[in-house]
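Chemist: Mind docking these for me? Both chains are given alone in their own frames, and the hints should help you get the complex.
Chains A and B are the protein sequences, given in the same order.
Just so it is clear: in the first sequence, position 303 is 303 by this note's numbering, and no numbers are missing.
Just so it is clear: in the second sequence, position 48 is 456 by this note's numbering, and no numbers are missing.
Treat the hints with care, as some may be off.
Each pair of labels, with its calculated beta carbon distance range [to be verified]:
1) B/Glu633 / A/Phe11: 46 to 56 Å
2) A/Gly379 / B/Ser417: 53 to 63 Å
3) B/Glu633 / A/Asn303: 51 to 61 Å
4) B/Val428 / A/Val307: 30 to 40 Å
5) A/Arg406 / B/Gly488: 19 to 29 Å
6) B/Lys434 / A/Ala383: 49 to 59 Å
7) B/Ser555 / A/Thr310: 24 to 34 Å
8) A/Met282 / B/Gly524: 26 to 36 Å
9) A/Ala382 / B/Ser495: 30 to 40 Å
10) B/Gln553 / A/Asn2: 22 to 32 Å
11) A/Arg15 / B/Val632: 45 to 55 Å
12) B/Ser495 / A/Arg15: 23 to 33 Å
13) B/Gln553 / A/Gly379: 35 to 45 Å
14) A/Glu311 / B/Leu550: 15 to 25 Å
Some chain B residues close to chain A (C-beta under 8 Å, calculated; not the full set) [to be verified]:
15) Leu466
16) Leu507
17) Ile521
18) Glu633
Source of the hints: derived by calculation from the structure; they are not laboratory data.
Glycine included, each C-beta is placed from N, C-alpha and C at the ideal position.
The lines below spell out each chain.
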Amino acid sequence: MNLYSAGKVAFRSLRANKMRSILTMLGMIIGVAAVIIMVAIGAGANQRISAQIASVGSNLLLVVPGSTTSGGLRSGFGGAPTLTMTDARAIGKELTSVRAASPTMRSSGPVVYGNQNWSTILQGGAPEYLEMREWNVVSGRNFTPQELEAASKVCLLGQTVSDYLFGTEDPVGKIVRIKRSPFTVVGILDRKGQSPQGQDQDDTVFLPITTMQKKLSGSAHMGAVGVIVVQAVDADRVKEAERQVVELLRQRHRIAQGGTDDFSVRNLSEMLALAESATRIMSLLLGGIASVSLLVGGIGIMNIMLVSVTERTREIGIRMAVGARERDILSQFLIEAVILALTGGAVGIVLGAGGAMLTSQLAGWTTVISPAAVFLAFGFSAAVGVFFGFYPARKASRMDPIEALRYE
Amino acid sequence: MGVAAIEVSGLVKTYRLGDVLVEALKGVDLSISAGEFLAVMGPSGSGKSTLMNILGCLDRPTSGKYLLDGEEVGGLSRDGRAILRRSRLGFVFQGFNLLSRLSARENVELPMIYDGTSAADRHERALSALSSVGLADRAHHLPSQLSGGQQQRVAIARAIVNTPALILADEPTGNLDSVTSDEILGIFQRLNDERGITMVLVTHETDIALFAKRVIRFLDGRIVEDRVVENRRRPPAPRENAG
Ligand SMILES: Nc1ncnc2c1ncn2[C@@H]1O[C@H](COP(=O)(O)OP(=O)(O)OP(=O)(O)O)[C@@H](O)[C@H]1O
Ligand SMILES: [Mg+2]
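Only chain B is shown next, with the shape it has when bound in the complex (with noise of 0.2 Å):
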C-alpha cells in the first residue's frame, strides 16, 4: 500500500490515579498506510479508545513518537492540535456527540466555524455533506427528531465535511441495532473506497470488523495480532426508509 499516513512507535501513554500509575499503552508500534480501513478490537480496558485520543489528537502521549502524515505531531501545542483535528480528522464516537439545540445542518457545519469558511460555503458544503451520507431531507431535523442510524450518519456528514484524511470512529455502532450498523459500515467503506479517506475504527463485534481491510488486537497495553481480513463483508443492498 500507499505513503504511512500513521507512524507511531514506542507509544506509551500512564495515567496517575492517586499513587497508581495505570499503564494505558505500553509501547506500541503500528503504521497505518494512506488509505487503510483499519478494525481495532480487545477487551474492555485494553487501551483501544486511549490509542484513538492519541491519534486524534485529544491527547498527547506519555512517551513515544507520532508521525502523522510524516510530520511529528505528539510535541504540538494545544492550539495546533485543535487546528490539525479539523482541517485533517473527523470523529465518529459511539454517543453520536451532536449538539442537541442545533440543527442536522448546523451541526454539520460545526467544523467550518472555526475555520473562516463563509456562512454560504459552510451551507452548500454541510448540504453535500449530508447528502453523501442520505440525509439531505432531514438538514432542518434537531438530533432528537432523528433515529440513532440517522444521528450518527449526521455525525459522519460532520466528519467529512471538512475533507479530513483520517476517520476515527470509537465504537460507532455500539448504540445501533445490527441492520443499522451494516449501513453505517458501508458508508464507512464508501468513503474509503471512493474518496480514499483512511479509516480507523474500534469495535467489539467480529463480524462489524470484518468490514475493514485490516484487524489489530488489543491486549493489554499492546497489540497482540496484526491481520488482514480475508473475506470482506459488503453491506446488504439498501433497504427503503433506511435508518
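Chain A extracted, bound-state conformation (with noise of 0.2 Å):
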C-alpha cells in the first residue's frame, strides 16, 4: 500500500471518530502550545539580559565603599565614604592590568531649563566614565580632563532628560538649572535603554565628579567618592585587576594583615554572567515542565490508538485476510498516530505564537519566536506521533487474522 493511499485510509478513520480525534489532539495542542509560549518568554528573556550586559559596558569592576558584610547585588553601595579622589587615580595610574578608572558619585535633583523641570539622577565621573561604559555622545561634545580639574559647571544630558526638557530643541550650549546653580549642557549621550536593574539609564545628567563634590553636595566629605568604576586591560586580565586594586587600596587605606577592607570590589561582568546563567536556567526549566505536557499529550495518543487497535480488530481481521501485510497494517495505525500528533502540533505551533505575542502584549515581556523553535516543535510532534504510535501499530499488525476475524 503506497503512503497516499495509506494517509487516505488514516483520515477516513480519523474523521469518522472527530470528536475523539479532536480531544487527542487537544493534548498535543497544548503541549506544543506550552513548549512555544515558553521557550519564546525564555529566548526573550535571554535576549533581554544580553542586551542590558552590552550596555553596562565589558571588564568592570566596581571598587565600593564599605566592608563586603553587608553585600549583595542591589545593597551595600554608598556606605561609610572611605574611598577618595586620589585612590580612583591611583588604581587608574599604578596598576598594570587596568586600564582606566574612573571616580563616580551619584544624587538626584532637579534640573530646569525655561519653565520645564525634571528630576534626575546626577552622574558624577571623570571623562573616561562614558568611555568605559560604552557610551557615546551622539551630538556636542564629553567634557575635558581640565574641565574635570576646574570643577566646570559643564554637563551631558540623557535622551530622556534631553526628551523632556528640550523635545525638538537643541539641547547643546543651553543653559540649563541644577539644584539652582546653571550649567551649560556640552553634549547629548546616546540612548542606552534599561539597565539590569530594570531603570531608565537615559535618565541621567553626567556631570565632573569635582563640580558635583564642590558645587552640588553639602561639603561634608571633601574628597570622598562613592564608587569606583574601574575597567581591566581585556576579559583575560579582570581577576588580576581585582586583586591588584585590593592590594593597592589595603596598601593605600594602611589596613594590617588580617583586617578587614573598608571597601569591596565587585566583578560587574561575573555578576551579569550569573544573572545571564540564572535565565537561561530558567529558561531551561520553562522548556522543560512544557515538555512534560507534550510528554503527556503523546501519552493519550498512545492511549487513543490502544484503544482504536482494539475497537477495529476486526477489521483489521478482515484487512488482513485479503491480503494486508504486516507493515501494512503497521503503517495505517502508525500514520494515524502521526497524522493527529502532526496536527496537534500545528495548531499548537499557532496558538503557542499567538499565545507568546498575547503575553508580550499583555505582561510586557520580550518574547522571541525563533524559527528553529517552530521546526523543532513541528519534528518533536512528528516524533511523539512515531514515538508513542508505534506500540499500538506494532500490536495491531502482530495480531492473529483468525482470532481478529472471530473477534466481537
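Modeler: Structural data, given as C-alpha cells:
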C-alpha cells in the first residue's frame, strides 16, 4: 500500500471519530503551545539580558566603599565614604592590568530649563567614565580633563532628560539649572535603554565629579567619592585587576594583615554572567516543564490508538484476510498517530505563537519565536507520534488474522 | 478432472488450551482439482473451519503437507501468506465481514489497495466485479444500507476482484434465508462454471451442499465420507428485485 492511500485510510478513520480525534489532538495542541510560549519567553529573557550586558560595558569592576559583610547585588553601595579621588587616580595610573578608572558619585535633583522641571539622577564622574561604559556622545562633546580639574559647571544630558526638557530644540550650548546653579549643556548622550535592574539609564545628567562635590553636595566629606568604576585591560585580566585593586587599596588605606577591608570590589561581568545563567536555567526549566505536557499529549495519543486498535480488531482481521501485510497494518496505524500528533503540533505552534505575542503585549515581556523553535516543535510532534504510535501500531500488525476475524 | 489445485496430506492441527491439547484435525488427506466445487459438511466442532483456515493460508498446520498449485505453502511466513491470500485466494464469510464505513465499491477495492493497483484500475475492476454479482447500481451504498444477501454479494465481489484460483466460503449462507441462499449458491456455480474458479464451501444444510459437485463429511477431525453429487441443484430463475 502506498503512502497516499495509507494516508487516505488514516484520515477517514480519524474523521469517523471526530470528537475523539480532536480531544486527542488537544493534548498535543496544549503541549506544543506550552513549549512554544515557554521557549519564546525564555528566549526573550535571554535576549534582554544579553542586550543589557552589552549596555553596561565590558570588563568592569566596581570598587564600593564599606566592607563586604552587607554585600549583595543591590545593597551595600555607598557605605561609609572611605574612597577618595586619589584612590581612583592611583588605581587608574599605577596598576598594569587596569586600562582606566573613574571615580563616580550619584545623587538626584531637579533640572530646570525655562519653565520645564525634571527630577533626575545626577551622575558625577571623570571623562573616561563614558568610554568605559561604551556610552557615546551623539551631539556636542564630552567634558574635558581640564573641566574636571576646574570643576566647571558643564553637563551632558541623557536622552530622556533631553527629550523632556528640550523636546525638538537642540540643547547643546543651552544653560540649565541644576539645584539652582546654572550649567552649560555641552553634549547629549546616546540612548542606552534599561539597566539590568530595570531602570531607565537615559534618565540622567552626567557632569564632572569635582563639580558635583564642590557645587552640589554638602561639603561634609570633601574628596570622598561613591563608587570607583575600574576597567581591566582585557577580559582575561579582570581577575588580576581585581587582585591588584584590592592590594593597592589595602596599602593605601593602611589595613594591617588580617584586618577587614573598608571597601569591596565587585566583578560586574561576573554578576551579569550569573544573571545570564540564571535566565538560561529558567528558560530550560520552563521548556522542561512544558515538555512534560507534550509527553502527556503523546501518552494520550498512545492511549487512544490502543483503544482504536482494540475496537477495530475485526477490521484488522478483514484487512489481513484480503492480503494486508504486517507493514501495511503497521503503517496505517502509525500514520494515524503521526497525523494526530502533527495536526495537533501545527495547531499548537499557531496557538503558541499567538499566546507568546499576547504574553508580550499583556505582561510587557520580550518574547522571541525563532524559526528553529518552530521547526523543532514540529519535528518533535512527529517524533512523539511515531514514538507513541509505534506500540499500538505494532500490536495491530502482530494480530492473528483468525482471532481478529472472530473478535466481536 | 484436471490438475490438483490443492493437495493436503497428513494434516494435523492441535490447539493448546492451558494444559489440554485439542486435536481439531487428526490427519486429513484431501485432493481438490482445479475447477472443482467441493462442499464440506459435518457436525459442529468437527474441524471444518480449522481446515478452511489452513486452506486459506490464514493459519498454519501443526504438521502435514499443504501444496497449493504444486507449491508447498505450509511453511510460508506471515507476509508470504498475506501476499498469497490477496493474489490467489478469495474469502466469503458467514458474517459478511465488510468494513462498515466503506461503500460497497470501496469494500471490493480493499484487496487491491494492498497490491499497488492504480486508483483508476481499482475503480473499474471493483465496478465490474460488483456488476457480475448484480450490484452495479449499489456501488455507493454502505453495508448498513444493503440487505444481508446484497452484503454477501458484495463480499463475493471482493473475493473475485483479484481473479483468484480458489474461493473459500465458510458457511456463507448461515445468516441468510433459503431463497437468498439459493441465489448466492447460483452465483458460486456461475463463477465455477464460467471462470473455472475452484470453490470450497462449508455448510450445515444438505440442500446447499447439493449445489456442489462433490461433498465430503467431517467427523471429529477426520474425513469420514467423500462422494460425488448425483443430482446437482441449479438455482431457480432470478426473481425481480433480487436480494
Ligand atoms: N483457537 C482455538 N483454540 C482452541 N481450540 C480451538 C480453536 N479453534 C478451534 N478449536 C477447537 O477445534 C475444534 C474444531 O473447531 P472448528 O472451528 O474447526 O469446528 P467447525 O467444524 O467449524 O464447527 P462449526 O460447525 O460449529 O463451525 C473444536 O473442538 C474447537 O473447540
Ligand atoms: Mg466453523
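Chemist: Against this structure, judge whether each hint is valid.
Modeler: Results of checking the hints against the structure:
A beta carbon spacing of about 52 Å between B/Glu633 and A/Phe11 agrees with the range 46 to 56 Å that was offered as a hint. The hint said 53 to 63 Å for the Cβ distance between A/Gly379 and B/Ser417, and at roughly 56 Å that hint holds. At roughly 53 Å, the beta carbons of B/Glu633 and A/Asn303 sit within the given window of 51 to 61 Å. With their beta carbons about 33 Å apart, B/Val428 and A/Val307 fall inside the hinted range of 30 to 40 Å.
A beta carbon spacing of about 23 Å between A/Arg406 and B/Gly488 agrees with the range 19 to 29 Å that was offered as a hint. Taking 49 to 59 Å as the suggested C-beta distance range, the pair B/Lys434 and A/Ala383 conforms, at roughly 52 Å. Range check, B/Ser555 to A/Thr310: Cβ separation about 30 Å, and the 24 to 34 Å hint holds. Taking the beta carbon of each, A/Met282 and B/Gly524 are about 54 Å apart, not inside 26 to 36 Å as hinted.
Take A/Ala382 and B/Ser495: their Cβ atoms lie about 34 Å apart, and the range 30 to 40 Å holds. Between B/Gln553 and A/Asn2 the C-beta distance comes to about 30 Å, which sits within the given range of 22 to 32 Å. The beta-carbon spacing between A/Arg15 and B/Val632, approximately 52 Å, falls within the hinted interval of 45 to 55 Å. The hint said 23 to 33 Å for the Cβ distance between B/Ser495 and A/Arg15, and at roughly 31 Å that hint holds.
The hinted window of 35 to 45 Å between B/Gln553 and A/Gly379 holds, with their beta carbons roughly 44 Å apart. For A/Glu311 paired with B/Leu550, a C-beta distance near 18 Å keeps the hint of 15 to 25 Å intact. Interface restraint check: B/Leu466 against chain A, minimum CB-CB distance 5 Å, threshold 8 Å, status holds. At its closest, the beta carbon of B/Leu507 sits 6 Å from a beta carbon of chain A; the interface hint therefore holds under the 8 Å criterion.
Taken as an interface hint, B/Ile521 checks out: its beta carbon lies about 5 Å from the nearest beta carbon of chain A, inside 8 Å. About 26 Å separates the beta-carbon of B/Glu633 from the nearest beta-carbon of chain A, more than 8 Å, and the hint is not met.
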